[in-house]
Structures are given as C-alpha cells and as structure tokens.
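A.B. asks: This is what each chain is made of:
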Amino acid sequence: MNIALNLVAVQTIIRKEMVRVLRIWIQTIVPPAITMTLYFIIFGNLIGRRIGTMDGFDYMQYIAPGLIMMSVITNSYGNVVSSFFGAKFSRYVEEMLVAPMSNAAIIIGHVAGGVLRGLLVGSLVTAIALLFTDLSVAHPFIMISIVLLSSIVFSLAGFINAVLARKFDDISIVPTFVLTPLTYLGGVFYSISLLPEFWQMVSKANPILYMVNAFRYGILGTSDISIGYAYTILVGFIVLLFSACVIMMRMGIGIRE
Amino acid sequence: MNALTIRNLQKTYDNGNQALKGIDLNVEAGDFYALLGPNGAGKTTAIGIITSLVNKTAGEVEVFGHSIDTDLATAKSCIGLVPQEINLNLWDTVGNIVINQAGYYGIGGKEARERAEEYLRELRLWDRRDAIARSLSGGMKRRLMIARALVHEPRLLILDEPTAGVDIEIRRSMWEFLQKINDAGTTIILTTHYLEEAESLCRNIGIIDDGRIIEDTKMSTVLRKLQREVVILSLTDRVDSAPKLQGFKTSLRDHNELEVEKGPEHDLNDLFAQLDAQGIKVVSMRNKANRLEELFIGLVENKPGNGGVA
Chain H
1 MNIALNLVAV QTIIRKEMVR VLRIWIQTIV PPAITMTLYF IIFGNLIGRR
51 IGTMDGFDYM QYIAPGLIMM SVITNSYGNV VSSFFGAKFS RYVEEMLVAP
101 MSNAAIIIGH VAGGVLRGLL VGSLVTAIAL LFTDLSVAHP FIMISIVLLS
151 SIVFSLAGFI NAVLARKFDD ISIVPTFVLT PLTYLGGVFY SISLLPEFWQ
201 MVSKANPILY MVNAFRYGIL GTSDISIGYA YTILVGFIVL LFSACVIMMR
251 MGIGIRE
Chain B
1001 MNALTIRNLQ KTYDNGNQAL KGIDLNVEAG DFYALLGPNG AGKTTAIGII
1051 TSLVNKTAGE VEVFGHSIDT DLATAKSCIG LVPQEINLNL WDTVGNIVIN
1101 QAGYYGIGGK EARERAEEYL RELRLWDRRD AIARSLSGGM KRRLMIARAL
1151 VHEPRLLILD EPTAGVDIEI RRSMWEFLQK INDAGTTIIL TTHYLEEAES
1201 LCRNIGIIDD GRIIEDTKMS TVLRKLQREV VILSLTDRVD SAPKLQGFKT
1251 SLRDHNELEV EKGPEHDLND LFAQLDAQGI KVVSMRNKAN RLEELFIGLV
1301 ENKPGNGGVA
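These protein sequence lines are chains H and B, in that order. Throughout the first sequence, residue numbering follows the working numbering, covering 1 to 257 in sequence. Throughout the second sequence, residue numbering follows the working numbering, covering 1001 to 1310 in sequence.
A hint or two may mislead.
As a list, the in silico EDC-like pairs of lysine to aspartate or glutamate whose alpha-carbon atoms are at most 20 Å apart [what the hints assert, rightly or not]:
1. H:LYS88 with B:ASP1092
2. B:LYS1021 with H:GLU257
3. B:LYS1281 with B:GLU1261
4. B:LYS1262 with B:GLU1229
5. B:LYS1281 with B:GLU1265
6. H:LYS88 with B:GLU1085
7. B:LYS1218 with B:GLU1085
8. B:LYS1288 with B:GLU1199
9. H:LYS88 with H:GLU257
Rather than coming from a laboratory, the hints here were simulated on the basis of the structure. Since the structure is predicted, the reported quantities are computational estimates derived from the model, not experimental observations.
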C-alpha cells in the first residue's frame, strides 16, 4: 500500500467534508445549537428546577454531558450518512472508487469528517451549556477519549448505513427508529438507578448508555456503569464496524455492480 | 506494449443479464481506439470493469501490464475516466472538484492546485473555477469531467461518450484537445455514438455487440470494407430527369440535387467527366451518410442469427 498517497487522499476527504459542513452551516451547525438550547431551557431550567438534584448534581448539570454526547453522536452519524449517501446517489462516489486510494482511506476520511463535525457541534453545545450552568471537568482524559471513541463508533455506523441505503428514506430510518430512542433511553435525562431492576438490566443492553455515562463520569465524576466496560464496548464496536466497512467496500456492496 | 489487455472478460449481472460474453481486446500504448456498439452492447460494462466500478464475473484485465486482480492500485493510477453520465458533485466548485480528484491520486497541496489550473485553463474553465458545478452548462460539465480525469496525468484516458449532448463547436474543440493529448503520448479509448467522431479521431476500432467483439482492427481496414458510397451533388442548373452515367446509379432528390451511388471500381474523376460531358455543372458535393455508420449497421445486422444485410 502506498502510504503517502493514502495520507494525501485522507486529508483530501477530510478537507472536502469540512468544506461541505461549513458551506451548509445552516443545516449542519445551527439546528443542533437551537435544539440543544431548547433542551437546556425546557428540561434543564424550567422542569429541572422542580426535579432538584440527581446523583448530587443540579439537574441542569446532570443532563449537560448527556446532551453534549447526544449532539456528538447524532451529528457524527448524520454527517457521514448524508455525505456518503449523497456521493453515492449523485454518483460522484465514483471519483473515489476509480482512484488508487485504499478502501480504508475512503472509510477513515469520511469517519474523520464525521468526528470533526461531531466535535465541532459538541463544542458549540458545550459553550451553550456553559451559559446555563457551571461545568468542571473531573477526568479530562476520560472525557476526551470517550467523546472521540463514541464519535468514531457512530461515524462508522453512519458509513455502513450510507453504503447499504438505496434511497433517501433508508438514511432516515436508523436515526429515527434506532438512534433517537436509544439515545433518549441511554440515560441522557435520568440515572438508571431510578428504574426498576428489570429495566436497569434492559438499559444495560443499550450501548449509548455506556457512552453517555462514561462521558458524564469524565465531566462530573459520576456514572451508572463501569468505565472499563464503556472502553471495552467502544473499542469492540470500532473494531467490528470498521471491519464490516472494509469488507463491504471490498465486496462492493451497495457501491459496485 | 499494450495499454490495455482484456482476456475472456465476462460479466453476468444479478438479474441474469449476460452483458459480456467473453471479450478479448488489445489496445496498444499511444493508440486512439474507438469502441463502438449499439446501446446495451456492453461498452459501459467493459469500461466499468476496467476502472473497477463493476465487478467482473470472469476474465483478466491488465492496464500497462498491471492486473486489476493483483495490482489494482497501480492499474487505477494509470487510468483517467470520463464517464457517460454526469457524476460531478454539483454543489462543489469547479476548482475544488479538480483539486480533490488530484488528492485522491495522492497529489496534494501546491502541485494539485497548479495542475488544476493547467487543465482548467486548457479546457477553458479557469474563469469558472469558483462557480459551483451545478451552474455550468452541459458542455462545460463535460469539459470539467475531462479536466478531472486528466489532473493525475493518466497514461490511459477512457472517454465514454464524452460529446453526448454537446454542440458542434464545443465537440470540435474537444476533438482538437483529445488529438493533442494523444499526440503527446496519452492512449485514448473512446466510445461514441457520433461515428464521424470515431472516424476522424481513431486509428483502431473495436465493435462490440451483444457482449461480444465483432470487429477489432485498424480504422482504415474497416473503411476499406465499404463496397459502395452515396454522394449528393448540388447542381448549378435545374435538371428534369436523372442523367444516365456509365458505372454509376443515379436518382434525383429534387431538380437541383442528384444522388449518385458509386462502387469501389469507379472514381470521382470519371463521375465529374461524365457530368461535364452532359453539360451538368456541380456546385457542391456531400456524403449521403456517414460511411462508418453504414459499415457499423452492416456489421451489427450481419451477425449470425440476424439474417441481415450483405
């Protein structure tokens, strides 16, 4: 493999993705900022004042890490799925397929684009959160590594969705029917210790729970789950999803006849 | 050395359509090769396999000796593709599209920008470098796809109907440009429905029909196979009936236009001498039909099973 060639190719895809995100900033950056501001006002401020504290933190402080993680996850996923499916739909994905760069370079470039948009929006949501509450970082390394790994997982998942999608409906099914419910049930707004034991067990099958709680642990120092489990699950998902992406690209599933 | 070697290439799609039934093809380095065939003959499938956009069912493809099975990246780096369908990111700028394509081939930074400028100037698109591709005319989009295909300076350029829907002036300028890069050493494979294009540009020709190569030879050899030619003469003065000319079959299209069919054994000097002897003056002359087109139709219709034309 020509490493220098592939590095330039990856940089090119990342630059292209960033140009796209910034060109359509009204679609990519503004909506999550508005949505999260509303979450902070309605759930954090208005309702949160009546809820009081959760795990020893103001409700606003408690939900802030989850909302930041939710915006990172949805934007990482959304960026890759819309960008790569758009390239497939308009056939300019062929620009990359005829070029000598490796399949891994195509995947890494798009995943990096998804991660960067996720982190960009996540940073913006963090800045908005700081307008409503004080946040101090308890474990900076854990906070950064968890948000990065989670963003990679959902960017890879978005890539798989884009490869398999045949029409625009197919790229909204997973976010609507899988991602959003799992995120809402992933402990963004509550501690699973509030749930009956059975539903606590069910909740632990939701991978987003581990991401939200590990990220919350990085910021607030409190979590419903073991941080070690969270890292194991995240790394496991990355290996699994990246391998699936490579195999699908190699076989040409969804992109080559 | 061959720019392209294809051996027993076969493709059967999932729906059972056997698009390629075992084609063999050799294109020499430096050639300007025409690949012709009716719609659905297998041209685009063959190009798709060569450029790795379509998975083959069986057979071998080598680009400058590099197999697409064992050395795909090197084979890909030798090829530039101008596809039949517009496949541009219509929301990206003209400049970015070409610079990004260079990046996909490992050419980055200043060199990518310089090459993009060179080819955009060459294809008269430099003034539109900051425009989004969507705002370009059809002809400009075709030229942009050529600039994009050339930015990594491929040794083999494959153009799949590059002048479809392009007006004659732009088509002529594209022909000149393609001739120039072929003269500079780039091997070109061209598929087209404008047979005049193939006749005037290409040295060798392959005709593909129903997934098989039915002709693979020099353009001059193909043209020599023509047994007859029909010319239309515009006459200075009105005539009431078609003149009788020995060795030629004549008919009037109208009172000032004469259609003459000539065989290979007669030349035009003889024709004009006979007309002159009868006091008929000719203002201008044109071919009734594209000669290659006639041959192409003859070859396709003459296939076993078509019961066709001699």
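A.B. asks: Now tell me if each hint is right for this structure.
C.D. replies: Status of each hint after checking the structure:
1. H:LYS88 with B:ASP1092: holds (15 Å)
2. B:LYS1021 with H:GLU257: holds (17 Å)
3. B:LYS1281 with B:GLU1261: Distance ~18 Å between B:LYS1281 and B:GLU1261 Cα, so the pair holds.
4. B:LYS1262 with B:GLU1229: holds (5 Å)
5. B:LYS1281 with B:GLU1265: violated (23 Å)
6. H:LYS88 with B:GLU1085: Holds, at about 13 Å.
7. B:LYS1218 with B:GLU1085: violated (28 Å)
8. B:LYS1288 with B:GLU1199: Within the cut-off at roughly 16 Å; holds.
9. H:LYS88 with H:GLU257: The given pair, whose Cα atoms are some 13 Å apart, holds under the 20 Å limit.
Hints 5 and 7, counting from the list given before, are not met by this structure.
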